[in-house]
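So the sequences go chain by chain: A and B.
Following the numbering used here, the numbering of the first sequence begins with 1 at its first residue and continues without gaps.
Following the numbering used here, the numbering of the second sequence begins with 1 at its first residue and continues without gaps.
Accuracy of the hints is not assured; some may be wrong.
Claimed, not checked - For lysine to any residue, the following SDA-like pairs were computed, each having C-alpha atoms within a straight-line distance of at most 25 Å:
{"id": "1", "chain 1": "A", "residue 1": "6", "chain 2": "B", "residue 2": "127"}
{"id": "2", "chain 1": "A", "residue 1": "588", "chain 2": "A", "residue 2": "197"}
{"id": "3", "chain 1": "A", "residue 1": "372", "chain 2": "B", "residue 2": "101"}
{"id": "4", "chain 1": "A", "residue 1": "6", "chain 2": "B", "residue 2": "52"}
{"id": "5", "chain 1": "A", "residue 1": "100", "chain 2": "B", "residue 2": "127"}
{"id": "6", "chain 1": "A", "residue 1": "345", "chain 2": "A", "residue 2": "374"}
Stated by the list, open to error - Derived CB-CB ranges, DEER-like:
{"id": "7", "chain 1": "B", "residue 1": "86", "chain 2": "A", "residue 2": "168", "range": "26 to 34 Å"}
{"id": "8", "chain 1": "A", "residue 1": "325", "chain 2": "B", "residue 2": "138", "range": "21 to 29 Å"}
{"id": "9", "chain 1": "B", "residue 1": "120", "chain 2": "A", "residue 2": "147", "range": "53 to 61 Å"}
{"id": "10", "chain 1": "A", "residue 1": "332", "chain 2": "B", "residue 2": "138", "range": "23 to 31 Å"}
{"id": "11", "chain 1": "A", "residue 1": "356", "chain 2": "B", "residue 2": "120", "range": "35 to 43 Å"}
{"id": "12", "chain 1": "B", "residue 1": "150", "chain 2": "A", "residue 2": "13", "range": "19 to 27 Å"}
What the hints assert, rightly or not - To list a few chain B residues with every Cβ distance to chain A over 10 Å, as calculated:
{"id": "13", "residue": "39"}
{"id": "14", "residue": "40"}
{"id": "15", "residue": "49"}
{"id": "16", "residue": "72"}
{"id": "17", "residue": "93"}
{"id": "18", "residue": "96"}
{"id": "19", "residue": "106"}
{"id": "20", "residue": "111"}
{"id": "21", "residue": "114"}
{"id": "22", "residue": "117"}
{"id": "23", "residue": "128"}
{"id": "24", "residue": "135"}
{"id": "25", "residue": "140"}
{"id": "26", "residue": "141"}
{"id": "27", "residue": "156"}
I should point out that these hints are in silico values taken from the structure, not numbers from a laboratory.
Glycine included, each C-beta is placed from N, C-alpha and C at the ideal position.
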Amino acid sequence: MKRPRKIFRWRAVGPLLFFGLVLVVLYLVFADRIAQHETEATLSEALGTEVDLASLRIRETDAAVDLAGLQIADPRNPNRNLLEAGTITIDLDPVPLAEKKIVIDDLRLSGLRFLTARKTPARPADPNSPAGKLLRETEQWAKDKFDFPKLALGRIDSARSLVLNPDQLATVKAAKSLIGTVDSTRVAFERGLADLQVRPLVDSSTALAARLAQSDPKQLGVAGVKAALDDARQAIDRIKQARVKLAVLDTTARKSFGILQQGLQDVDAARQRDYTFARGLLQLPSFDAPNIGAALFGTPSIDYFQQALYYARILQRYVPPGLQPWNRPGPARVRMAGTSVEFPKEKAYPRFLLRKGEVDLAAGAALEHHFKASFGGITSQPELYGRPATLAASGRLAGERPIGIEFALMSRHFGKAPKDSLVAAVEGVSLPAIAFPGLPFEVDPGRSRVGFRFNLAGDRIDGSWEVASDQVTWHADSSRLRTASLVEGIIWKVVTGLTQLRVRAELGGTVSNPTLKVSSNLDEAIAVRLRGLVGEELAKGEQRARDAVDSLVGQQVAALQARVSDLQAQALQRLPLEKSQLDEVQKKLETELKRLAGSAAGGLKLPKL
Amino acid sequence: MLTVIKLLQSLFRTLHSEGSPRQVAAGIMLGAGIGLTPLLSAHNLVLFAAIVLLNVSFGGGMLGMALFTPLGFLLDPLFDRVGLALLEVMGLRGLWTDWYNIPLLPYTNFNNSVTLGSFVVWVVAAVPIYFLAKRGLTHYRATYGERVLNSRFMKGLKASKAYNVYSWFVPQ
Chain A
1 MKRPRKIFRW RAVGPLLFFG LVLVVLYLVF ADRIAQHETE ATLSEALGTE
51 VDLASLRIRE TDAAVDLAGL QIADPRNPNR NLLEAGTITI DLDPVPLAEK
101 KIVIDDLRLS GLRFLTARKT PARPADPNSP AGKLLRETEQ WAKDKFDFPK
151 LALGRIDSAR SLVLNPDQLA TVKAAKSLIG TVDSTRVAFE RGLADLQVRP
201 LVDSSTALAA RLAQSDPKQL GVAGVKAALD DARQAIDRIK QARVKLAVLD
251 TTARKSFGIL QQGLQDVDAA RQRDYTFARG LLQLPSFDAP NIGAALFGTP
301 SIDYFQQALY YARILQRYVP PGLQPWNRPG PARVRMAGTS VEFPKEKAYP
351 RFLLRKGEVD LAAGAALEHH FKASFGGITS QPELYGRPAT LAASGRLAGE
401 RPIGIEFALM SRHFGKAPKD SLVAAVEGVS LPAIAFPGLP FEVDPGRSRV
451 GFRFNLAGDR IDGSWEVASD QVTWHADSSR LRTASLVEGI IWKVVTGLTQ
501 LRVRAELGGT VSNPTLKVSS NLDEAIAVRL RGLVGEELAK GEQRARDAVD
551 SLVGQQVAAL QARVSDLQAQ ALQRLPLEKS QLDEVQKKLE TELKRLAGSA
601 AGGLKLPKL
Chain B
1 MLTVIKLLQS LFRTLHSEGS PRQVAAGIML GAGIGLTPLL SAHNLVLFAA
51 IVLLNVSFGG GMLGMALFTP LGFLLDPLFD RVGLALLEVM GLRGLWTDWY
101 NIPLLPYTNF NNSVTLGSFV VWVVAAVPIY FLAKRGLTHY RATYGERVLN
151 SRFMKGLKAS KAYNVYSWFV PQ
């Protein structure tokens with residue numbers, strides 16, 4: 001007799017349960033360590049710098065995690081930490097964990113320290129990681145987009161030959177780009193106008209008005225008058241619709257012209273940069289006050305803006321707007337990582353959300369601090385959360401030298417206009433010495449007031465960096481100062497007597513075409529002394545540099561300006577003309593409509609005018 | 001060493017006597033699922049539980065895993081392409097979005113291109129793997145099986161005491 005075939009192996013249930021128990025034990029033994037390693041790896045990759053944790057403990061029963069000894073290294077200086085936190089307590093919402101999502105109800109940081117020295121240098125970021133690439137890109141951006149004039153020069157040679165290649169000039173690139181925009185604007189405007197079919201509408205309506213004018217209501221009869229009234233009413237409706245469309249086209253065109261005007265300003269800014277570039281090829285120092293400010297403080301100021309741009313781009317990369325599926329690199333493992341796609345859904349939890357957090361400085365030795373910091377709304381899918389991420393801190397850190405801090409950060413990555421902005425003001429902070437490129441001395445600002453503001457909205461950037469100090473000291477490299485050039489010697493004489501320092505740098509324009517204006521209280525004093533010394537020779541050289549640039553780009557820019565003006569004038573003439581034609585024919589039709597309606601009163605139901 | 005001996009015992013016993021070719025082939029088929037897909041995914045727990053609880057050859061499962069794991073590494077670029085293509089199909093976006101937001105399902109890592117691609121390839125290849133394994137095993141037992149069974153190596157291996165635990169999973 002055939003034995004019935006068994007499907008299940010019931011006696012294996014015991015070993016399987018034992019296997020499950022082994023997994024639980026392994027989890028209890030290794031989960032904290034694995035989570036700590038994963039947290040370090042994930043944060044390191046996201047921030048593009050080494051992140052260390054002394055310990056991590058998961059409290060399963062409380063749905064909470066305790067972290068200690070967090071260190072985030074400075075990606076640009078491996079010997080210091082940007083931030084250290086003594087303890088971090090994270091309270092999790094347990095429900096989203098079932099969907100593999102992390103929602104933090106509350107996060108508390110204590111024992112915060114900034115810009116501390118590291119015991120061991122941080123590992124450099126993986127150059128191929130997204131953050132590593134962004135760091136390189138922003139460093140390259142600062143090098144490519146800003147060329148600060150030099151002051152450390154010897155003899156001025158205004159007779160030096162100057163050969164420029166058009167490909168080197170930013171004006172040529174900006175103009176080429178704008179020509180494309182002008183052409184597409186013209187095509188869009190022409191197409192929009194052609195689509196309206198104003199001419200045929202005016203012609204047919206004029207013919208209808210003429211026909212109605214010659215008609216006699218008595219001869220047309222009731223039915224004829226009704227048909228004529230319907231024709232007139234329909235024609236008037238078409239005219240009204242065309243007028244609305246014309247108004248929309250007018251608004252669109254005006255917006256486009258605004259963009260073109262901004263483009264012309266960018267071309268002009270590029271031309272100014274080309275003058276600086278040409279002056280650099282002639283190795284001419286610039287003794288205009290703004291250029292002296294840029295020469296002295298351009299590099300340190302752009303350093304701050306570059307860092308802000310780097311972190312804003314990290315935010316843009318990891319916090320995309322919208323609810324589209326989003327591809328991320330898969331988890332690091334022995335097998336190929338592949339790509340993990342996120343599928344956000346409305347009214348569902350985002351993959352990561354930090355609802356609110358606060359920094360507690362009242363603990364430990366910091367009882368005298370009067371400092372509050374809170375943050376919240378930090379999420380990987382802001383469109384789902386619908387509120388911007390914010391971080392605000394204000395107060396006073398006590399100690400021998402108290403430091404006042406005001407800090408606000410806002411990141412809005414949803415809606416039509418994503419924006420990241422940062423405002424910070426620190427008072428009483430000891431700034432590191434600022435070295436001047438190529439000059440044999442540096443300034444130690446001492447305890448200073450520092451203000452910083454940065455906004456990134458789409459491609460538009462703007463920001464400012466300010467330093468004010470009343471106790472600066474100047475330090476020179478005595479050996480280099482002995483062999484210093486005339487210019488260097490003059491600058492040194494001017495600055496050594498100064499104890500005040502006021503610097504302001506303003507960033508503007510777009511990421512692709514940024515502008516930077518730097519001014520300081522040293523500029524005018526140095527400029528006057530230097531101009532008196534070498535002004536005439538310098539003016540000749542500068543004129544040669546400008547002439548060289550203008551000879552290559554002058555005609556191109558003039559033609560571009562003419563094209564923009566021509567398009568704008570043409571559009572601004574045509575649109576009112578089209579509108580007046582529509583108004584005129586509508587008036588005629590309404591006159592005929594009233595005449596026909598009046599004559600037929602009593603026998604006809606009159607249309608509403 | 002003990003583990004290696006255990007695995008070798010498992011392999012030879014599987015090939016020679018334990019379980020019908022169907023049971024061994026089914027075990028190989030399920031083991032191939034674990035081998036082809038990245039190990040740390042929740043669906044592999046289900047596959048492992050199936051190998052243990054269903055009346056298939058456990059040794060076959062281990063054999064399938066051992067054979068298909070290196071193949072999985074080799075085919076990862078293919079899995080990545082297949083998986084990404086599936087994840088980016090517009091018609092399936094609603095399905096993936098629903099699955100992504102269902103509790104526990106995201107732990108299968110189905111939204112990872114390599115995991116999804118390898119799983120789908122395994123599902124498609126499962127039936128051919130089963131029949132090929134069954135046919136291969138039947139052929140082996142009919143031709144080389146007896147000779148290998150009587151070899152000195154096999155006798156030495158069988159004399160080892162380490163396979164007691166393994167016998168719990170021998171198909172009936």
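So, going through the hints one by one against the coordinates:
no.	hint	result
1	A:6 <-> B:127	holds (21 Å)
2	A:588 <-> A:197	holds (19 Å)
3	A:372 <-> B:101	violated (37 Å)
4	A:6 <-> B:52	holds (14 Å)
5	A:100 <-> B:127	violated (32 Å)
6	A:345 <-> A:374	violated (28 Å)
7	B:86 <-> A:168: 26 to 34 Å	violated (48 Å)
8	A:325 <-> B:138: 21 to 29 Å	violated (47 Å)
9	B:120 <-> A:147: 53 to 61 Å	holds (54 Å)
10	A:332 <-> B:138: 23 to 31 Å	violated (43 Å)
11	A:356 <-> B:120: 35 to 43 Å	holds (42 Å)
12	B:150 <-> A:13: 19 to 27 Å	violated (37 Å)
13	39	violated (8 Å)
14	40	violated (7 Å)
15	49	violated (6 Å)
16	72	violated (7 Å)
17	93	violated (7 Å)
18	96	violated (5 Å)
19	106	violated (4 Å)
20	111	violated (5 Å)
21	114	violated (3 Å)
22	117	violated (8 Å)
23	128	holds (23 Å)
24	135	holds (20 Å)
25	140	holds (23 Å)
26	141	holds (20 Å)
27	156	holds (27 Å)
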